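Using the sequences and the hints given, assemble the complete structure.
Chains as they are written, first to last, in the working numbering: chain U, 14 to 485; chain E, 14 to 485.
Calculated directly from the structure, the hints in this document are not laboratory data.
Just so it is clear, the structure is predicted and the values come from calculations on it, not from any experiment.
Do not take every clue at face value.
Each pair of labels, with its calculated beta carbon distance range [as the list claims (entries may be wrong)]:
#1 Asp209/U - Glu231/E: 18 to 28 Å
#2 Arg284/U - Gly195/E: 52 to 62 Å
#3 Gly437/E - Arg402/U: 40 to 50 Å
Glycine included, each C-beta is placed from N, C-alpha and C at the ideal position.
There are 2 protein chains.
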Amino acid sequence: MTIADLLAGPPTVVAAGVDVFSEALRAQGADVRDVDWRPPAFGDPADLAALALDPRRATANRTAVERVLAAGSHLVDVRPAREVLDLPDRTLLHAGPPIDWASASGPLRGALVGACLFEGWADDVEEAERLLAGGGVTLDPCHHHRAVGPMAGVTSPSMWLWCLADPVHGGQAFCNLNEGLGKVLRMGAYGAEVLDRLRWMRAVLGPVLSAAVRSRDEPLDVKAVLAQMLQMGDEAHNRNRAGSLMALRELSPSIVAVEGWASSDVAQVLRFIGGNEHFFLNLGMPTAKLAMDAAAGLPGSSLVTVMSRNGTEFGIRTAGTGDRWFTGPAQTPVGLFLGDYGPDDANPDIGDSAIMETYGVGGFAMAAAPAIVRFVGGTVPDALATTERMYQLTLAENPAMQIPILGFRGSPTGIDVLAVARTGWLPQINTGMAGRVAGTGQVGAGLVQPPRVCFEQALAALAGEARAPAAA
Amino acid sequence: MTIADLLAGPPTVVAAGVDVFSEALRAQGADVRDVDWRPPAFGDPADLAALALDPRRATANRTAVERVLAAGSHLVDVRPAREVLDLPDRTLLHAGPPIDWASASGPLRGALVGACLFEGWADDVEEAERLLAGGGVTLDPCHHHRAVGPMAGVTSPSMWLWCLADPVHGGQAFCNLNEGLGKVLRMGAYGAEVLDRLRWMRAVLGPVLSAAVRSRDEPLDVKAVLAQMLQMGDEAHNRNRAGSLMALRELSPSIVAVEGWASSDVAQVLRFIGGNEHFFLNLGMPTAKLAMDAAAGLPGSSLVTVMSRNGTEFGIRTAGTGDRWFTGPAQTPVGLFLGDYGPDDANPDIGDSAIMETYGVGGFAMAAAPAIVRFVGGTVPDALATTERMYQLTLAENPAMQIPILGFRGSPTGIDVLAVARTGWLPQINTGMAGRVAGTGQVGAGLVQPPRVCFEQALAALAGEARAPAAA
Chain U
14 MTIADLLAGP PTVVAAGVDV FSEALRAQGA DVRDVDWRPP AFGDPADLAA
64 LALDPRRATA NRTAVERVLA AGSHLVDVRP AREVLDLPDR TLLHAGPPID
114 WASASGPLRG ALVGACLFEG WADDVEEAER LLAGGGVTLD PCHHHRAVGP
164 MAGVTSPSMW LWCLADPVHG GQAFCNLNEG LGKVLRMGAY GAEVLDRLRW
214 MRAVLGPVLS AAVRSRDEPL DVKAVLAQML QMGDEAHNRN RAGSLMALRE
264 LSPSIVAVEG WASSDVAQVL RFIGGNEHFF LNLGMPTAKL AMDAAAGLPG
314 SSLVTVMSRN GTEFGIRTAG TGDRWFTGPA QTPVGLFLGD YGPDDANPDI
364 GDSAIMETYG VGGFAMAAAP AIVRFVGGTV PDALATTERM YQLTLAENPA
414 MQIPILGFRG SPTGIDVLAV ARTGWLPQIN TGMAGRVAGT GQVGAGLVQP
464 PRVCFEQALA ALAGEARAPA AA
Chain E
14 MTIADLLAGP PTVVAAGVDV FSEALRAQGA DVRDVDWRPP AFGDPADLAA
64 LALDPRRATA NRTAVERVLA AGSHLVDVRP AREVLDLPDR TLLHAGPPID
114 WASASGPLRG ALVGACLFEG WADDVEEAER LLAGGGVTLD PCHHHRAVGP
164 MAGVTSPSMW LWCLADPVHG GQAFCNLNEG LGKVLRMGAY GAEVLDRLRW
214 MRAVLGPVLS AAVRSRDEPL DVKAVLAQML QMGDEAHNRN RAGSLMALRE
264 LSPSIVAVEG WASSDVAQVL RFIGGNEHFF LNLGMPTAKL AMDAAAGLPG
314 SSLVTVMSRN GTEFGIRTAG TGDRWFTGPA QTPVGLFLGD YGPDDANPDI
364 GDSAIMETYG VGGFAMAAAP AIVRFVGGTV PDALATTERM YQLTLAENPA
414 MQIPILGFRG SPTGIDVLAV ARTGWLPQIN TGMAGRVAGT GQVGAGLVQP
464 PRVCFEQALA ALAGEARAPA AA
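Structure follows, in structure tokens:
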């Protein structure tokens with residue numbers, strides 16, 4: 014086709030952006046196609062162009078999201094952290110990007126103190142604080158060890174871990190056992206009731222669960238449970254009621270058949286699980302971690318593989334930028350408070366649990382869980398609108414994670430850094446709120462977003478990676 | 014105010030029905046109030062007027078629905094039917110209004126045959142059929158004994174019953190234990206696997222549950238579980254997944270602590286409950302029965318207290334007409350079929366389980382359970398529209414039974430015979446489908462409505478009752 018051919022026929026106009034132009038043309042009888050475009054919300058234009066034109070991007074993102082969607086999650090074992098994680102002595106894992114004691118917020122400090130007491134590294138709070146402040150304990154992110162931890166995420170060598178495996182890609186992921194709500198280590202509490210519960214979990218819950226999980230003929234398909242949860246009003250981050258019940262149903266026959274335990278211990282294990290509506294969270298998080306790890310390390314992909322917070326900073330990682338963290342100051346959630354607590358009591362955002370949103374559930378699937386608004390705030394229409402909006406940020410709809418009220422549409426999955434920059438909309442996370450002061454515990458639950466700067470940095474880095482192969 | 018006063022001021026017009034009149038007046042500047050009225054859909058005009066003008070009606074209906082909403086439901090015991098129901102020898106209870114063997118459909122006959130074999134009243138199918146055809150077994154509706162039974166509803170003396178009590182009004186209600194899906198007695202199957210399962214339920218499940226329920230410090234609040242179910246995607250008639258899991262959670266610690274049973278028996282009990290997503294239905298039904306019984310026998314009330322089907326006829330009762338049944342031919346549900354079964358295999362509507370819709374859940378609360386459409390057919394918008402429509406037939410919104418997606422609006426509760434006649438809309442029931450041929454078992458699940466004639470008869474009877482006091 015030559016230019017003369019183009020001019021011979023009637024014009025076909027493609028109009029991008031403001032529709033006043035296309036309407037004027039249409040009024041004159043022209044054939045106009047509208048492209049839904051608006052100016053990017055942030056990012057250097059040269060960076061945006063470099064990333065948009067990266068020839069690897071489309072294929073890399075398709076591969077990345079296919080790996081995320083294909084990943085499975087089987088519960089294969091329950092073992093002490095020291096056996097699983099191959100940690101150096103006196104190391105504690107924590108949520109979020111790397112941080113030191115000096116920068117740690119109250120709830121992370123509280124959980125670290127509690128873990129030192131629990132492990133017997135210190136006899137009292139002051140000694141634990143001296144030990145931690147003096148560098149006597151190595152701090153390392155859970156995410157650096159294929160692990161995730163809700164809230165403070167502090168994981169110590171003698172805690173028992175859920176051990177999950179991805180039968181499709183061969184990955185492994187780990188998470189400690191959920192303690193329940195209120196005064197718990199992961200919320201920064203470290204009093205006697207917290208330590209007593211952790212000791213019971215170490216002495217009874219962990220061994221019983223380990224024996225029960227090992228005695229099963231087939232591993233528990235945790236991904237299938239997660240999918241069912243969205244049919245049962247859970248979004249799997251702050252609402253895990255159905256998931257916790259299903260985990261109890263799946264595990265209880267094996268728990269009852271475990272030998273060598275008194276029936277009172279077995280009944281206490283069942284009561285503990287049955288009394289904790291967040292019990293499943295620590296199985297859901299490593300399930301999401303397995304899926305996102307399956308997409309890690311794909312050059313050219315702008316998929317977000319990690320969103321995580323240490324209580325001071327929010328950090329993200331992308332598939333195309335390896336192990337680099339892009340961090341910014343953590344925001345404080347807005348939501349509902351327990352008892353007499355209020356906004357002044359809340360610590361900034363903390364926890365690896367935003368891996369749920371990274372995987373496309375949690376805040377991204379709030380439409381499946383309208384009752385969540387009674388826990389995190391907002392209205393039912395907000396919940397529906399949030400999920401609708403997240404489709405604009407994501408690369409796929411997860412056919413395994415269907416949202417009934419949206420006509421069984423798959424949940425919005427796979428955050429694209431470029432889509433975030435273009436729309437200016439940030440991922441919506443719903444999360445627990447820990448007390449700002451070490452030792453407090455949970456004060457509420459609410460809604461929060463990452464700081465935009467994380468995505469600005471990631472965009473710049475991805476653009477740099479996009480230019481690098483061209484320069485090579 | 015005199016007539017002259019009326020004429021002195023500007024007219025205020027109240028326009029009922031077609032809005033062309035009010036629009037014409039409004040165009041001329043008149044102050045018009047619209048009344049949403051349309052001609053009644055059925056019923057003798059004199060009957061409709063008599064019922065509408067019955068001076069007792071408003072108060073009686075308010076009292077009736079207040080009693081329904083206030084009713085509670087506690088699980089207080091599990092006992093064999095013969096101890097609880099005080100039945101004459103050789104009596105079998107069944108679902109729906111009264112019926113004899115000659116009129117019984119396939120699944121009811123199948124269940125009656127199976128019950129005779131289970132009780133040892135006959136050695137084979139032919140002998141059981143002869144016994145039943147010869148009047149050797151008395152048949153009586155469950156509803157005549159404060160009991161309810163899903164599908165065929167056949168309840169025999171040695172079956173164990175859930176025993177529920179209403180702590181507010183002092184009522185009691187009973188229901189046998191759910192067998193699961195597929196080839197089960199309540200669906201009309203009576204083969205060896207059916208009888209073996211019933212024998213295990215008699216020998217192990219019943220006694221273990223009985224001991225577990227009796228050992229609890231407090232009775233299980235079944236109404237509270239039912240309320241939670243609507244927050245978890247169950248509508249509590251054909252979707253009881255969350256309810257069954259919650260029942261398992263509540264009962265399992267007591268089950269494990271029951272003495273004198275091998276851990277293999279206990280594990281089998283937990284597996285049986287955990288493997289049956291309809292386990293809760295037989296707790297939900299007597300909960301609804303307690304609430305509706307609390308409103309029975311209120312002269313002047315046009316509230317429907319029972320909707321029930323025996324596989325041949327659909328029957329209803331109202332609060333204002335005592336023990337009378339108003340019956341008509343049962344319709345065949347339209348829905349989805351299991352395996353190779355199709356519409357020709359389905360028996361007409363059967364079961365006491367429409368007590369759930371009578372109480373305002375089940376088909377009335379489908380908006381809370383959009384995933385139900387995968388089981389009974391239809392679309393998610395249908396499910397939402399059905400609940401919206403049922404508000405037009407009902408006297409109240411149940412504040413205890415909230416539907417999250419409707420902004421936590423209470424479920425539409427308390428069917429008013431007059432509202433049904435005025436709108437012409439019939440209650441929407443979702444239900445299981447039994448095979449038409451005795452011995453088949455379940456063939457599917459779907460949607461069904463009562464025949465209009467039940468409501469026509471009830472309307473005429475209520476109108477007669479309304480006229481009687483005036484004549485006295």
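Right, here's what the structure says about each hint:
1. Asp209/U - Glu231/E: 18 to 28 Å: holds, 25 Å
2. Arg284/U - Gly195/E: 52 to 62 Å: violated, 32 Å
3. Gly437/E - Arg402/U: 40 to 50 Å: holds, 41 Å
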